[in-house]
Amino acid sequence: MDFKTFYNEVVTDHNMHPLHKHAIENPDFEMEGVNPSCGDEITLQLKVKDGVITEGGFVGDGCAISQASADIMIDMVIGKKTEEALHLADLFIRMIKSEASPEEIDELQEAGALADISHMPARVKCAVLGWHTLDEMIGKKD
Amino acid sequence: MTDQELKDNVIKYRKLFPLLSQDIAYLDNAATTQKPVAVLDAMKAYYEEDNANPFRGVYDLSERATERYEEARAKTAAFINASTPEEIVFVRNATEALNLLAYSWCEDNISEGDEIVVSVMEHHSDFLPWKYMAEKKNAKLVKLEPDETGAVTDEALDKCLSDKTKLVAITQVSNVLGRVNDIKHIAEKVHAAGALISVDGAQSVPHMKVDVRDMDADFLSFSGHKMYGPMGIGALYAKKKHLEKLRPFMYGGEMIATVHWDRVTYAEIPHKFEAGTVNVGGAVGLSAAIDFINEVGWDIMEKQEEKLTLKAVNGIKEINGIRLIGSDRPEDHKGIVTFMVDDVHPHDVADIMGRAGVCVRAGHHCAQPLMDHLGVKSTCRASFAFYNTEEEVDKFLTELSKVRGLMGYGF
Ligand SMILES: Cc1ncc(COP(=O)(O)O)c(C=O)c1O
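For the record, the sequence lines run as chains A and B. Per our numbering, the very first residue in the first sequence carries number 74; after that it's consecutive. Per our numbering, the very first residue in the second sequence carries number 56; after that it's consecutive.
Think of the hints as simulated: they come from the structure by calculation, not from any bench. Treat the hints with caution; some may be incorrect.
Across the chosen pairs, the derived CB separations fall in these ranges [to be verified]:
| no. | chain 1 | residue 1 | chain 2 | residue 2 | range |
| --- | --- | --- | --- | --- | --- |
| 1 | A | 99 | B | 384 | 34 to 40 Å |
| 2 | A | 171 | B | 309 | 55 to 61 Å |
| 3 | B | 186 | A | 105 | 43 to 49 Å |
| 4 | B | 203 | A | 83 | 38 to 44 Å |
| 5 | A | 103 | B | 428 | 27 to 33 Å |
| 6 | A | 171 | B | 93 | 58 to 64 Å |
| 7 | A | 105 | B | 266 | 33 to 39 Å |
| 8 | A | 171 | B | 297 | 39 to 45 Å |
| 9 | A | 154 | B | 175 | 55 to 61 Å |
| 10 | A | 180 | B | 102 | 23 to 29 Å |
| 11 | B | 186 | A | 180 | 45 to 51 Å |
| 12 | A | 154 | B | 193 | 42 to 48 Å |
| 13 | A | 105 | B | 193 | 47 to 53 Å |
Partial selection, computed: residues in chain A whose CB lies under 8 Å from chain B [stated by the list, open to error]:
| no. | residue |
| --- | --- |
| 14 | 80 |
| 15 | 112 |
| 16 | 116 |
| 17 | 189 |
Calculated pairs, PhoX-like style, for lysine-lysine (alpha carbon to alpha carbon, straight line, at most 20 Å) [what the hints assert, rightly or not]:
| no. | chain 1 | residue 1 | chain 2 | residue 2 |
| --- | --- | --- | --- | --- |
| 18 | B | 239 | B | 295 |
| 19 | B | 239 | B | 186 |
| 20 | A | 94 | B | 432 |
| 21 | B | 300 | B | 264 |
| 22 | A | 198 | B | 432 |
| 23 | B | 198 | B | 244 |
Just so you know, these numbers come straight off a predicted model, no measurement behind them. Virtual Cβ for every residue (Gly too), placed ideally from N, Cα, C.
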């Protein structure tokens, strides 16, 4: 696969200049996600008010894919209801499994830039780390 | 040997590796090496002509299988200059050899308050078994730390040795730093302190002449698959006097002399440590790999690996934004060159290089305590075998120099 479609500008941009890679104050939710096989790790934090995600951030260390994917995710879910965020997580994970329709990938907006990772088994875990963590964190607590 | 002769030889022997006809630069030889056709043929011939369960049958075929297996043992013993073939126990790999040793030896030789010295650069396979047994026995695990170039100094070693030291576990070549430890010298000190030395030979046996008697190692562990042999076969060398006193590790068929409900006697060494049906096919493959190494010879192998390492280390130093791990002298790297690319995570580096057809490793290399010691989480590693070429190192350097740019960073 072509380098461009994979480490594209969206990914390198979010990796170099993350918007949300910092801790937030008094988070309502916090969870750590790790990929033991490659050592990617993130700690995801969210503030939720009346069922709406009002603030988000993450700290961590890992490859560009894992860090950019988490950054894109947080950017997308801020301002959304938790159910909507869970819906996006579901779409994203299905996209990475090559199970999402083109319309669904459109719905993922910027996160759709990671679609090609579905062809890279070795990197799938990196791309879904943030989304999995989000899913576990807010999916569990109702 | 002139440079041209070396080149010709490398090309000649490289052709004997079917996998290397693929259009990739395979630079992950510390993980596993490719196999020459002689090894593949020997295994095929064994299964086509001599296969039976060894030791069990009295018919001719079973005897041939037994012979093939014992020939492999003798060859392996000679390869590392063991005194007798009985000093070789066949296992699956270095990890199994180290587990066998740690479990069985510590059980009878370690008690509360004793000390086991383990270097911080050990592979997890030479760390976790000792750690487990030390905890089980309420013994102390003492950390031997190399200096920043990866060298084990006398001061560092002296600090670790005491009258409580029972054993020192150390690798002959670090799979991250590539530094060769002077085992002969270390063994002398360890023995003077009244302890034994267990050497992890996983990265040394494939790349240099290892002589267990000359360096006076009590134990040596290694894997066949890192020395052009098949996966699933490796060896534990132990001095006969130690092996005779070692309790079995696994129990079952083939490791016994007599078994009754209330009374069991075990087989002689080394069979006592080889419970169950053994891996004759693997041993035959390892034997062919040793023949192959002997045929090529250390002169060619070491000269080529040194040449590639020199080129890689010097090349890396010329690229902006790349940091070498360990010594910055090429001669301190036994075919293993570990590095970091500024701002770019090692997994991205390995992925980008992999797309360009250069296979390098990224991660903690099963040496997380060393990563902690070095203050890094993970690194990239290129590791050479004699069949690698200068063109491959050039390709490695070219692709490496592009990585930061591709990830959006300036050069
Ligand atoms: C120094 C060292 N020791 C032990 C091992 C373990 O070898 P194996 O996985 O073949 O048991 C390795 C290989 O990864 C190694 O490099």
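> Any of the earlier hints contradicted here, and which numbers?
Replying inline: 1, 2, 3, 6, 7, 8, 9, 10, 12, 13, 16, 17, 19, 21
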